[in-house]
Amino acid sequence: MPELLHAEWTKLRTLSSTWWLVLAATVLTVAVSAGAVLASTYQSIGHQDTTRLSLTGIDMGQAVIAIFAVLVMSNEYSTGMMRLTLTAMPRRLLVLAAKGTTLTGIMVISGVTAVGGCLVAGRLILPVRGFTASHDYPLLSLAHGATLRAASGSVLYLALIALLSLGVAAAVRDSAVSIGIVLGLLYLFPLLAQVVNDPTWHRHLEQVGPMTAGLAIQATTGLQDLPISPWAGLGVLAGWAGAALAVGGVLLHRRDA
Amino acid sequence: MTMPVPPYRSDLPVGRRGFAQLVRAEWTKFRTVRGWVITVGVVALVTVFLSIVGASGSRGTFCNGSTCTTGHPPVAIGPGGEPVADSYTYVFRPLAGNGSLTVRVSSLSGARTTSIGPPNTPLHSSLQSGLAPWAKAGILVRKNNGPGSAYAAVMVTGSHGVRLQYDYTHDTPGDPGPVTASSPRWLRITRAGDAVTGYDSTDGIHWTKIGTAYLTGLLTTAQVGLFVTSPVSFVSESRRGNPSVATASFDQIALRGDLPAASWKGEQIGAADIYPTVPSASSWHQRSADAFTISGTGDIAPLVGGGIIGTDAGESLLVGQLAGLIVLIVLATLFVTSEYRRGLIRTTLVASPRRARILAAKAVIVGSVGFFAGLVGTALALVISRKVLVANGNFIFPLTGLAQARIIVGTGLLLGAVAVLALALGTALRRSAGAVVTCIALLVLPFVLGATLSPSASNWLMRLAPTAAFAVQGTEPRSALVTNAYTVVNGYYPLSPWAGLAVLCGYTAVAVGVSVWLLRRRDA
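Going down the list, the protein sequences come from chains P and U. Residue 119 in our numbering sits at position 117 of the first sequence; the count goes up by one each step and never skips. Residue 395 in our numbering sits at position 365 of the second sequence; the count goes up by one each step and never skips.
None of these hints come from the bench; they were simulated from the model. Everything numeric in this text was worked out from a predicted model, so none of it was measured. For glycine and all other residues, C-beta sits at the position ideal for the given N, C-alpha and C. Some hints could be false.
As the list claims (entries may be wrong) - Per label pair, the in silico range of CB-to-CB distance: (1) P:Ala-33 - U:Pro-428: 41 to 49 Å; (2) U:Cys-98 - P:Asp-227: 19 to 27 Å; (3) P:Met-83 - U:Arg-493: 39 to 47 Å; (4) U:Ala-532 - P:Asp-227: 37 to 45 Å; (5) U:Thr-58 - P:Leu-150: 54 to 62 Å.
Unchecked claim - Which chain P residues face chain U? A few, computed with CB under 8 Å, are given here: (6) Ala-38; (7) Val-72; (8) Val-198.
If we strip away everything but chain P, and leave its shape as in the complex, we get (with noise of 0.2 Å):
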């Protein structure tokens, strides 16, 4: 496994188009939160979730890691790489272990930089927008604790998102198809939640959708308004990647490649 490990690494090391979409996805993510954060202000009736709209660049960065995520499998696919691979290692499930690890390691450090890159943008852009102390807004802070669990949650959210995508990737194998797949199970459910104004349904929409429910990871106030708990969102979104993930593996086993 190290030695699959290395090999994976390896693979993604030299691409340069790797260093490429991490660098795009954290300034993407932070330019949008940037963004948000400079086009509200202070109002005086209404608590707003200001740690929450730090990190609405996640919903603009995460389309960027789910290019990452398939490309890592399809990539292979499209050029032929994944035969060489597979015959390297004949034990394929191994195979998208180590592509899982891998793309995890590299998500758990971008995303770090991506999330506190927001929350830096909102603790310096906040307090000019009127969200001050004196209107009961302190200053961004991980010492508060649902601020770090939002922020901690945050990168795990992009973890499980590359993790879906490469799920998704290796049972779809080619790579518009993919993303399309995606990118329409992140963004449909959202948009379907706020046509449907049946209000179980609407917050079955918002408990079943990987994004929707991944997201509650972000809220800091008003968590009894929440369609799901935080905790319980993000094993909603990892339910979703564990399924693409077998799905993926199960084809990728079974199939010629």
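Add chain U to chain P, keeping to what the hints say.
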């Protein structure tokens, strides 16, 4: 002696080099991949299916007291045939023939609820002071007390000065400025046949005529009286408005004309509609023979969607559309990136070295495929989802045939333009993944973000992003006479339909330009 051998000539006809041949070649490439042809059907099917899912999840619930049933509160239809809000406290007397009513308004104050309660229930007690900009108090002549009756009124408003309004949609400004105890307003309305004329004054001596309304179908005996109402008020850029209440003091009442009834009568017009009601004990009281204090809630104006009445503003159609769009984007990208992946692009470029024309031929194919998939999908989704919505008890605004045609054709064009955009991005990037994600991020993400951003930020996003093109689906009525969250979550797009489509076409044109440039410049 040897016979001269004629040079070899192939029996095959000489290939033509016209654009039509290129389009035909691209069409053959598309048509012969069975998966792609099936996918075109999937685009339409996904659109229809998710629209129906969205529509079936939207239920209209209408509560009368504590019993709730499926349906929506009754919606009044105005004299012009459009849905209107017709809800206020009215203290009136019948007036036979011609006459006039003069009154002084010495104060207008308001309060709004701090949370949104269910409609058609008494306003609950937690109120916060604040006058809605379109809170109205004044004198009103109307045909009868039926919903949507013809009327004319002169009124003071929260922050729009004195106005003469009639038949819900007509509005003429009078004296500007707010009403205070130190600067009261005198209002007068005169009726002569069908003509109702409004006047205002700041001292009760010098009168200014604001305008004249001609009300159709006014009977000999009309009703004339005082009214107060206060619409939904929007604080902190919220999506849904909070009900509000306004209270006005009237005195120096002078009513001239033939008055069959001896005393004033109070009534809450439209008591069972979307607005809450004022507890009847405090809705009005007569301080003296010519002085009243009246409280009212509701509105007398055109009905608008979203934050006022919770309607489906075409969202279920939209969500289906976005799902179909994702499938179309994948398809259009693959149409060119698969050529790069398999090396077919080199054959294509050898066969027709003029590269821009190849891209044009491909664009014709994916553009028309997108257009027809969008046309068929939208037509079915629109008709079916509206039927499902009505069956579920939702109120939806009526759509003219022209508006339906605009939605269907406009969405077809939108899908066509998106398909060309995806094709161009695929050509420029040569890899599917980046092209698909860029395209989906440009067209779907603004809706996801729009729900969390403030209305003004989300309106800017909807002007600048290619999603502006979804304005072709915007049909919710707007009115300058009604405060509302006119934003995309309520079905309002900041741009006009064709301007919105032009934004998307601009993105597509830039992407096509860049991809032609790259295609010519690079080795394949």
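Do the hints match the structure? See the list:
no. : hint                              : in the structure
1   : P:Ala-33 - U:Pro-428: 41 to 49 Å  : 43 Å, holds
2   : U:Cys-98 - P:Asp-227: 19 to 27 Å  : 22 Å, holds
3   : P:Met-83 - U:Arg-493: 39 to 47 Å  : 44 Å, holds
4   : U:Ala-532 - P:Asp-227: 37 to 45 Å : 40 Å, holds
5   : U:Thr-58 - P:Leu-150: 54 to 62 Å  : 59 Å, holds
6   : Ala-38                            : 7 Å, holds
7   : Val-72                            : 6 Å, holds
8   : Val-198                           : 3 Å, holds
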